[in-house]
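S.K.: Heads up: the protein sequence lines correspond to chains Y and F, in order.
For what it's worth, our numbering labels the leading residue of the first sequence as 696, then goes sequentially.
For what it's worth, our numbering labels the leading residue of the second sequence as 3, then goes sequentially.
Just so you know, the hints here were simulated from the structure itself, not pulled from any lab data.
For glycine and all other residues, C-beta sits at the position ideal for the given N, C-alpha and C.
Check the hints yourself; a few may be wrong.
Said to hold, decoys possible - Just so you have them, the derived chain Y footprint on chain F, three or more residues with Cβ under 8 Å:
hint : region
1    : 235-241
2    : 361-374
3    : 405-416
4    : 471-480
Claimed, not checked - Partial pick of chain Y residues on the chain F-facing surface, computed with a CB cut under 7 Å:
hint : residue
5    : Phe742
6    : Met808
7    : Val834
8    : Leu880
9    : Ile882
10   : Ile902
11   : Val909
One letter stands for each residue in the lines below.
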Amino acid sequence: MKTKMALIFGYNDYALEIGNNIRDKYDEVVIYSLHREQDSLNNRSNFEIRSFDLSDHWEGVSENVDFENSIAFCVLEDNAENIFLTISLRSLFSQLHIIALSNNKETANKLQMAGANRVIPLVQTTAEMISEMLEKPIVKEVFHSILFDSGELKITQIKLNASNDYLGKEISQIDWKYKFGVIPLAIVHEDTSSDFIYSSKIRHHTIKEGDMFVIVGYETCISDFEKVVGGRCDVNWCNWSR
Amino acid sequence: MNFFARLIVDIAYFIHTSDAYQHKKRFFYDLLENNRFKYKKFFDFLMIILIFLSVFILIAEVKHEVPQYIKFFNIYVISIIFFIEYILRFWISSSVCEIIIAKSEHDTMLGREFSLSRAILKVIKAKLSFIFSFKAIIDLLAILPFFHELRLLRLFVLFRVFKLFRYATSFQTFSSVLSTKKFEFIMLLMFASIVVFVSSVLVYVMEANNPDSPVNTLFDALYWSIVTISTVGYGDVTAVTTEGRIVAMFVIIAGVSVLAFTTSIVVSAFTEKLDEIKETKIIEDIRKLKKFYLICGYEHVAQEVAKKLAHSMTTVIVLDEDEHRIAHAKRDGLVALNYDPGDTQSYKKIGIELGTQVKSVLCLRESDVENVYTTLTIRSINKDVNIVSLLMDDTNRKKLSFAGVNEILYPKGLVGMISKELIGRPVAFEVIHALRNDYYGVNIEEILVDDRMSQKIVYVKELNNTKFRVVLLGIYKKDKKRFFFNPIDETTLESGDYLLVIGKIIFIKEFEKYLHKKIKS
């Protein structure tokens, strides 16, 4: 039986934070360490620590893993090792979703070239948060509450089904605000291309089955909207293109 | 203590504790001495104008008849203004009350009888040190033209020009730079004086008895010697004898050496002081700033934050005790000073007003120890300034809070939260990330509803945001500290509210312009 797993490579504070945040989304969360014996001794978390090395012997890792639904986090502290790990994982497990951590822009580019689906640029992200905290404190508070807190306001992805009444209509013809109480932010087309809805071209886009909207609204409004047009959709995020 | 001494001490205490007196004294001190006082520059400007007027009138008087009222203005008005300034400077130069009180407390502490005569002696000493200071002497000489009837004293008007040293900081910088090479200049002056003295005596001895020589007196010889050593060489007085010409050759060589040496001293003084001059200029500029962010520590995160803040046209000042990091910050085009942000003296030297000038202090060293230390330093100076700090190890969170940090950012925790969102709502996360970072020219902005706006635009429906293709995400009511998402048309706008709008940047700007135009109309 294949298991939906989160594989975290590297034993450090980042790995533990990631593990704690995603543990309820996966059947199993395993931390892989280059120095298992030493890290196991110091391990004060509940996560299982397994050993790995940067050679091509991944038999132990790949057993029983449902690669399509699993995810790997590459958070090794050494940039070169992290890039090498990412490229090793990508070359062997093409379907695995890989998220990697980078300290700078140069490493981020290399990680993307090595096959990471998403790179978290640590320094840039931290700086963005700080500058937003200072310059746009309300935006920061609202977004933080939408994304990270369990407040009433939610952001979600809704995929349009075949039976809804709005197929063939333009985006601007839908009374989002008054009828549904939601605000659309972006659209992901069937061909996985994506756009914000603020350009005139997109406002006149004809809605097709399979289009997906990113909307913000209160939980009840989103549920009502869902009933009319389609369902919430957890997409493969690597389809999102910039 | 006798009655008279007690009376003097009581009066000193009374004056010293009088708010009105201290307020007035403080005002005049600021006006005359405090470069950060907003009215000082106007006062200095006025004094500079008076000085130039005075000199201009002196020049005009040489060949023209100057109207009586101008003479009156020059002799009396300007002189009286300078006199008042002199008296004010004399007053603020030291505090008589403070000296008396200090002496009285000192004597009481030691169990001695208060000695009024000694206190007065101290006061006289303090005041005399002002009177005999170089600047005060110049000030006094500048008042002398008041006694205009004495013809010679008219020339004292020129002393007013020296007063410019007081009002133009560049003169002060110039003299302070040259004063660092005082020893070299004295040596040079001595050398030149010896050469002038010896050569003028020699030329006088060799030329004075020669009927063809224009050198007839020792003064002629001295004049020739100075003109020659300065390499000016007018040619009106020249040596005609062979001996005299040999002396002239030595004087010429000595003159060239003196000139070259002088030039090199001035250049080296400026080269050595260049960094200091630049730093002084930066500090002066910082003191003039109204609002800025203060970044303490210029490491990786700080570099990115500074870049982002600078991009949004916000002024950022960087403090770091590490020279290399400061050099890096300067290369990045930032205003950076090599001062330890963990030292209270740094803030005193720079003259940063944490309470009024600094929007937020950012403790961005990648070390919790350093950030706690800097935070405590800042809190010891100011209790209210907003402090944002990086947290590198979650176990130190309480320590940072306890030290007085207002907002803590823990990058490792952030990575955890982002990871959760990336696996749960990746598209939504990416949309918000794109909005935050202004990708595709679409942005989210905060627009403040001020008093005037709330009077002209009462309801949300009056905003007309849809006309500008701007989406109103919601209203943040600051008094209620609550965000109202997607407000209905009848929602009232109040002063202090923030509109959160999403749209293309250009449309948001147009929308903002429209709102302000509407207020004006």
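S.K.: Quick one, is the Met808(Y) hint okay against chain F at 7 Å, beta carbons?
M.R.: violated (20 Å)
S.K.: Restraint: Val909(Y) near chain F, CB-CB cut 7 Å. Satisfied or not?
M.R.: At about 5 Å, which falls below the 7 Å cut-off, the nearest Cβ of chain F leaves the hint on Val909(Y) intact, so it holds.
S.K.: Any CB of chain F closer than 7 Å to the CB of Ile882(Y)?
M.R.: violated (10 Å)
S.K.: Holds or violated: Ile902(Y) as interface residue toward chain F, Cβ cutoff 7 Å?
M.R.: violated (17 Å)
S.K.: Would you say the region 405-416 of chain F counts as covered by chain Y, given the rule of at least 3 residues with C-beta under 8 Å?
M.R.: Answer holds; 6 residues pass the 8 Å Cβ test.
S.K.: When the nearest CB of chain F is found for Phe742(Y), is that gap smaller than 7 Å?
M.R.: With Cβ-Cβ at 13 Å, over 7 Å, it is violated.
S.K.: Against chain F, run the beta carbon of Leu880(Y) and see if the smallest gap drops under 7 Å.
M.R.: holds (5 Å)
S.K.: Tell me if the interface restraint on Val834(Y) is satisfied: Cβ within less than 7 Å of some Cβ in chain F.
M.R.: holds (5 Å)
S.K.: Three residues minimum, CB to CB under 8 Å: does the region 361-374 of chain F make the cut for coverage by chain Y? Let me know.
M.R.: holds (count 4)
S.K.: Count the residues of the region 235-241 of chain F whose CB lies closer than 8 Å to any CB of chain Y, then report whether that count reaches three.
M.R.: Per the Cβ count (0), the hint is violated.
S.K.: Would you check chain Y against the region 471-480 of chain F, counting CB to CB pairs closer than 8 Å, and say if three or more residues qualify?
M.R.: Since three or more residues must qualify, the claim that chain Y covers the region 471-480 of chain F holds, with 5 doing so at under 8 Å.
The structure shown violates the earlier hints numbered 1, 5, 6, 9 and 10.
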